[in-house]
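Visitor: If you're matching them up, the sequences are chains C and E in order.
Throughout the first sequence, residue numbering follows numbering that gives the first Met the number 0, covering 0 to 352 in sequence.
Throughout the second sequence, residue numbering follows numbering that gives the first Met the number 0, covering 0 to 352 in sequence.
Please note that a few of the clues may not be correct.
Copies of one chain are not kept apart here, so a pair can be met inside one copy or by any two copies together.
[As the list claims (entries may be wrong)] Mimicking BS3-like on lysine-lysine, the simulated pairs with C-alpha atoms at most 27 Å apart in a straight line are: (1) K176 / K142; (2) K51 / K87; (3) K323 / K108; (4) K149 / K233; (5) K27 / K176; (6) K319 / K153; (7) K301 / K134; (8) K346 / K176; (9) K301 / K187.
None of these hints come from the bench; they were simulated from the model.
Listed here are the chains, written in short residue letters.
Number of protein chains: 2
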Amino acid sequence: MNFSTPTLIVNKTITLNNLDKMINVANKNNLILRPHFKTHQSIEVGNWFKEKGVGSITVSSITMAEFFSSEWNDITIAFPLNILEIGKLNLMIKENRVKLLIDSISSLKALDNQLEGPAEVYLKIDVGYNRAGLKVDEKQKIKSIINFCKTSDKISFLGFLAHFGDSYKSKNKMEIKNVFQKSIERIKVLSDGFPNFRISIGDTPTCSTIKKYPDFINEIRPGNFIFYDLAQYKIGSCEIDDIAIRMICPVVSIYEEREEVLIYGGSVHFSKDRLTENESDIFGYVYFGEVWDVSNKIGYIKSLSQEHGVVKLEKQISLKIGDKLNVIPVHSCLAVDKMGAFYESGKRVEIMK
Amino acid sequence: MNFSTPTLIVNKTITLNNLDKMINVANKNNLILRPHFKTHQSIEVGNWFKEKGVGSITVSSITMAEFFSSEWNDITIAFPLNILEIGKLNLMIKENRVKLLIDSISSLKALDNQLEGPAEVYLKIDVGYNRAGLKVDEKQKIKSIINFCKTSDKISFLGFLAHFGDSYKSKNKMEIKNVFQKSIERIKVLSDGFPNFRISIGDTPTCSTIKKYPDFINEIRPGNFIFYDLAQYKIGSCEIDDIAIRMICPVVSIYEEREEVLIYGGSVHFSKDRLTENESDIFGYVYFGEVWDVSNKIGYIKSLSQEHGVVKLEKQISLKIGDKLNVIPVHSCLAVDKMGAFYESGKRVEIMK
Numbered sequence: 000m001n002f003s004t005p006t007l008i009v010n011k012t013i014t015l016n017n018l019d020k021m022i023n024v025a026n027k028n029n030l031i032l033r034p035h036f037k038t039h040q041s042i043e044v045g046n047w048f049k050e051k052g053v054g055s056i057t058v059s060s061i062t063m064a065e066f067f068s069s070e071w072n073d074i075t076i077a078f079p080l081n082i083l084e085i086g087k088l089n090l091m092i093k094e095n096r097v098k099l100l101i102d103s104i105s106s107l108k109a110l111d112n113q114l115e116g117p118a119e120v121y122l123k124i125d126v127g128y129n130r131a132g133l134k135v136d137e138k139q140k141i142k143s144i145i146n147f148c149k150t151s152d153k154i155s156f157l158g159f160l161a162h163f164g165d166s167y168k169s170k171n172k173m174e175i176k177n178v179f180q181k182s183i184e185r186i187k188v189l190s191d192g193f194p195n196f197r198i199s200i201g202d203t204p205t206c207s208t209i210k211k212y213p214d215f216i217n218e219i220r221p222g223n224f225i226f227y228d229l230a231q232y233k234i235g236s237c238e239i240d241d242i243a244i245r246m247i248c249p250v251v252s253i254y255e256e257r258e259e260v261l262i263y264g265g266s267v268h269f270s271k272d273r274l275t276e277n278e279s280d281i282f283g284y285v286y287f288g289e290v291w292d293v294s295n296k297i298g299y300i301k302s303l304s305q306e307h308g309v310v311k312l313e314k315q316i317s318l319k320i321g322d323k324l325n326v327i328p329v330h331s332c333l334a335v336d337k338m339g340a341f342y343e344s345g346k347r348v349e350i351m352k
Numbered sequence: 000m001n002f003s004t005p006t007l008i009v010n011k012t013i014t015l016n017n018l019d020k021m022i023n024v025a026n027k028n029n030l031i032l033r034p035h036f037k038t039h040q041s042i043e044v045g046n047w048f049k050e051k052g053v054g055s056i057t058v059s060s061i062t063m064a065e066f067f068s069s070e071w072n073d074i075t076i077a078f079p080l081n082i083l084e085i086g087k088l089n090l091m092i093k094e095n096r097v098k099l100l101i102d103s104i105s106s107l108k109a110l111d112n113q114l115e116g117p118a119e120v121y122l123k124i125d126v127g128y129n130r131a132g133l134k135v136d137e138k139q140k141i142k143s144i145i146n147f148c149k150t151s152d153k154i155s156f157l158g159f160l161a162h163f164g165d166s167y168k169s170k171n172k173m174e175i176k177n178v179f180q181k182s183i184e185r186i187k188v189l190s191d192g193f194p195n196f197r198i199s200i201g202d203t204p205t206c207s208t209i210k211k212y213p214d215f216i217n218e219i220r221p222g223n224f225i226f227y228d229l230a231q232y233k234i235g236s237c238e239i240d241d242i243a244i245r246m247i248c249p250v251v252s253i254y255e256e257r258e259e260v261l262i263y264g265g266s267v268h269f270s271k272d273r274l275t276e277n278e279s280d281i282f283g284y285v286y287f288g289e290v291w292d293v294s295n296k297i298g299y300i301k302s303l304s305q306e307h308g309v310v311k312l313e314k315q316i317s318l319k320i321g322d323k324l325n326v327i328p329v330h331s332c333l334a335v336d337k338m339g340a341f342y343e344s345g346k347r348v349e350i351m352k
């Protein structure tokens, strides 16, 4: 392929290897693997999961549920119900089985009020990330939600769904394990207090690290693991050669004095997600040569404008204008979302529009 | 309109007012206004400029030049030439007049080698931002570029193009003026050394602040000023009520204890651009009530995930699930790019695909 503009490419072999490892963890622990599809947003990559026997998925919006409902009929929308989209939900529940997420009694009542068919809900539990959900010690609120569902003739209460988001602040496997331990203890309190309900957990850092799960966990929902990225590598979720995605960027200028290179590749391609290394911002690791060879790191992206990326070179290398560099993005989910498509073995793969 | 998902809206009255002010500055100083269209990326908003008599534009990629070439025939591509796209350029120069940007002799030679028709080039000058361009004291390099163009039968040398990117680090009008002064002194050295060439400058902070330009400046290229955003407000480029863009986001959950609200609106809508205020990250100012009324600020977005935004409330306010909040985004260019469309007076306006 002749990639003359910034282009995202995916390595299917690495992707399938990441998938096999996650399926293995799920199988050994008797867990349902319900991967989060917000990372790839593509029917084609979804089919790679299907071929491996995965039957249920997670999405992050009602729009994304609609998109995947052409191919999947067991979809959990792991985002608190947006009641304004009840019209779309009512259309979907007639044909497919979507599982909804609520995190308050008012949202549940609004749902019950406007729902035109049966629906299953999870209650979102906040184990310390302070983003969404009820805390495990808000027992009265949890009880009234469960009780409300019992009296509803449309809504069934499935159980509890949590996201151990603090794992994203980890710097190594030990810290990931600590987050898992701390979070799972809170979930256990819940499970003890409200037994016999399903419990769904799972983010890429913990699911890539934890090999043994307690029996009260029913399913895991990692997403990013399918491609991984630089952020996951720095967290400790994966090795550098587990990363299945690259942005190919043309060199447009070379500044020998400041040992920097300008690439065509900016925030409209990568997003502005960044890491810090030795007090420098890092927007991607930069490689030259064979695309999937991780031995050829030549520097990192130190700044991004809308279309410009400035690469700081870390080694002497002979480059010329028009060369193509391979960049490992900081955040694969956002790079995929930004690009709207990627290439696998030279074939263009479209994502959700 | 019933905006049930995150939706970007634009206020045409404010937009035109911003445009009028910029036209006024250009006219008073006898400058060509060559606005940067990467902010809105839309044919429709482009027409608003046309109706005000603007005849020349700036874009940030060859793809964007192609997009606007259906309507515009004087387009400067203010991004160093990506020689890998020479095929597209050769098609465009046959029908339209695009002005190119180069910042090295090697890129110029590659262009001369592969060009199939006449082209005009600007030399990119780096006045201290260290992103792209030659420094004003690299006289030998500048001379050889000008001389090369003299001998080329295809390429004409137009002059110098600079971007005073340091203005984006300003915190008030005085700092913006200082950046302008420092940068303009460097440009003057260039103008004295290489007279009779055109000089193109201009970014939103300086163009929104500087009222009097030296005679050796020929044109200005601001872009963001058409909508402005929170970043520009904090820099000192505009007042808060000059901002012509909002993201409408549904409330999906309310956490009274921590005085926070969860909105449907995340990094796939806003991008991850952020500001810092009192040591907190800010991803947008949040308002409730009449959309363009800036007296009703209720808080700010403190964190963004892919679809989630967590709003920190700053005042007691009675909100319910399904309410819609109005958010001033940190970076309008990236929010527009992310969203792919916006609404003006209830009408959907598509941007470049």
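Visitor: State whether the alpha carbon distance between K323 and K108 is at most 27 Å within one copy, between copies, both, or neither.
Guide: Result: close only across copies, 19 Å inter versus 55 Å intra.
Visitor: At 27 Å max between alpha carbons, let me know whether K301 reaches K134 within a copy, between copies, both or neither.
Guide: Between. Shortest inter-copy distance 20 Å satisfies the 27 Å Cα cut-off; intra-copy 39 Å does not.
Visitor: Regarding K301 and K187, is the shortest C-alpha distance of 27 Å or less found within a copy, between copies, in both, or in neither?
Guide: Neither: 43 Å inside a copy, 30 Å across copies.
Visitor: Are the CA atoms of K319 and K153 at most 27 Å apart within a copy, between copies, both, or neither?
Guide: Classified as between; 23 Å across copies, 65 Å inside a copy.
Visitor: Please sort K149 with K233 into within, between, both or neither, judging by C-alpha distance up to 27 Å.
Guide: neither (45 Å within a copy, 51 Å between copies)
Visitor: Should K176 paired with K142 be assigned to within, between, both, or neither, using CA atoms and 27 Å as the limit?
Guide: neither (30 Å within a copy, 61 Å between copies)
Visitor: For the identical chains here, do K51 and K87 meet the 27 Å Cα criterion within one copy, between copies, both, or neither?
Guide: neither (30 Å within a copy, 42 Å between copies)
Visitor: Using 27 Å as the alpha-carbon threshold, which applies to K346 and K176: within, between, both, or neither?
Guide: Neither way: K346 and K176 sit 38 Å apart in one copy and 50 Å across, limit 27 Å.
Visitor: Have a look at K27 and K176 and pick one of within, between, both or neither, based on CA distance no larger than 27 Å.
Guide: within (18 Å within a copy, 65 Å between copies)
Taken one by one, the earlier hints fail for this structure at numbers 1, 2, 4, 8 and 9, listed in ascending order.
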